[in-house]
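Just need the whole structure built from these sequences, with the hints factored in.
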Amino acid sequence: MTILATYKHTFRLLISPEKEWISILDHVNIKSSKLLFILIIPLALIMSACNFLGFVIFEKDSTDHIDMFLFSSITTFVLSIASIYISSIVVRPFAVLPTKKERFERAYILVAFSYTPGFIFNSIAFLFPIINYLTIFGLYSFYILYKGITPILNVPDRRRSGYFTFILIGLLSIYAVLGALFIGTANFLGF
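Numbered continuously in the numbering used here, the sequence shown closes out at residue 173.
Source of the hints: derived by calculation from the structure; they are not laboratory data.
We put the CB at the ideal spot given by N, CA and C, even for glycine.
Among the hints, erroneous ones may be present.
Straight-line C-alpha distance at most 30 angstroms; calculated DSSO-like pairs for lysine-lysine [what the hints assert, rightly or not]:
| id | residue 1 | residue 2 |
| --- | --- | --- |
| 1 | Lys(-10) | Lys13 |
| 2 | Lys16 | Lys82 |
| 3 | Lys83 | Lys13 |
| 4 | Lys13 | Lys1 |
| 5 | Lys1 | Lys16 |
| 6 | Lys(-10) | Lys16 |
| 7 | Lys1 | Lys83 |
| 8 | Lys(-10) | Lys1 |
Label pairs and their in silico Cβ distance ranges [to be verified]:
| id | residue 1 | residue 2 | range |
| --- | --- | --- | --- |
| 9 | Thr147 | Ile(-15) | 32 to 40 angstroms |
| 10 | Ala31 | Asp139 | 38 to 46 angstroms |
| 11 | Ala(-13) | Phe53 | 15 to 23 angstroms |
| 12 | Thr147 | Lys42 | 23 to 31 angstroms |
| 13 | Asn114 | Asp139 | 33 to 41 angstroms |
Below you can see the structure in the form of structure tokens.
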């Protein structure tokens, strides 16, 4: 899959997820490592840069807190990538596919593409802290994930809601642990 095709799929998912998941499934040559470098790392870098710039631009006496801004930006980048990988591990057992590798690849595709609205709206909210309520639109990621469970994980349609419930509980648990890790580390470092 080319870079252009990846981003076309990404933006089409925002408009018509159900139809686009089927189109993504037609590209059987999507590999998790390639998706990491083409989609996830650039979006995570943009979000981290927006995090740093938002602090520097809108914070009073920003020069006094550059180390905290750098910590927040770097941690945002690392935890974003880690959360996608860990989320894929959580989603993998729900895939109805023959091999473990194929289940992980499909789970990774599902999670990586689903994260896009979260990346976009968190980036905007980081860059312009005054409109940070826009992060609520990042919840659209869960809708995209819900629509992708059947085609990507090969789950029967009648079981999609139940699987989604368990996946959602797992993902929210991951986010809570990673958030606590971020807050704990920031407190430990004196931020």
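Okay, Ala31 versus Asp139 on CB: inside 38 to 46 angstroms?
Since Ala31 and Asp139 have Cβ atoms about 40 angstroms apart, the given range 38 to 46 angstroms holds.
CB-CB spacing for Ile(-15) and Thr147 relative to the 32 to 40 angstroms hint
holds, 35 angstroms
Under the criterion that the straight-line Cα-Cα distance not exceed 30 angstroms, is the pair Lys1, Lys83 satisfied?
holds, 25 angstroms
Does Lys1 sit within 30 angstroms of Lys(-10), going by the straight-line distance between their CA atoms?
With Cα atoms ~13 angstroms apart, Lys(-10) and Lys1 stay inside 30 angstroms; holds.
Hint check: Lys13 vs Lys1, CA-CA at most 30 angstroms. Holds or violated?
holds, 21 angstroms
Lys16 paired with Lys82 [C-alpha distance capped at 30 angstroms]:
holds, 19 angstroms
Straight-line alpha-carbon gap Lys(-10) to Lys16, limit 30 angstroms
It holds: about 16 angstroms lies between the C-alpha atoms, which stays within 30 angstroms.
Given the proposed pairing of Lys(-10) with Lys13, does the C-alpha separation stay at or below 30 angstroms?
holds, 17 angstroms
Does the alpha-carbon distance linking Lys1 and Lys16 stay inside the 30 angstroms limit?
holds, 23 angstroms
Measuring from beta carbon to beta carbon, are Ala(-13) and Phe53 in 15 to 23 angstroms?
About 36 angstroms separates the Cβ atoms of Ala(-13) and Phe53, which means 15 to 23 angstroms is violated.
Holds or violated: Lys83 and Lys13, Cα atoms, limit 30 angstroms.
holds, 11 angstroms
Does the Cβ pair Thr147, Lys42 satisfy 23 to 31 angstroms?
violated, 44 angstroms
When each numbered hint is compared with the structure, violations occur for hints 11, 12.
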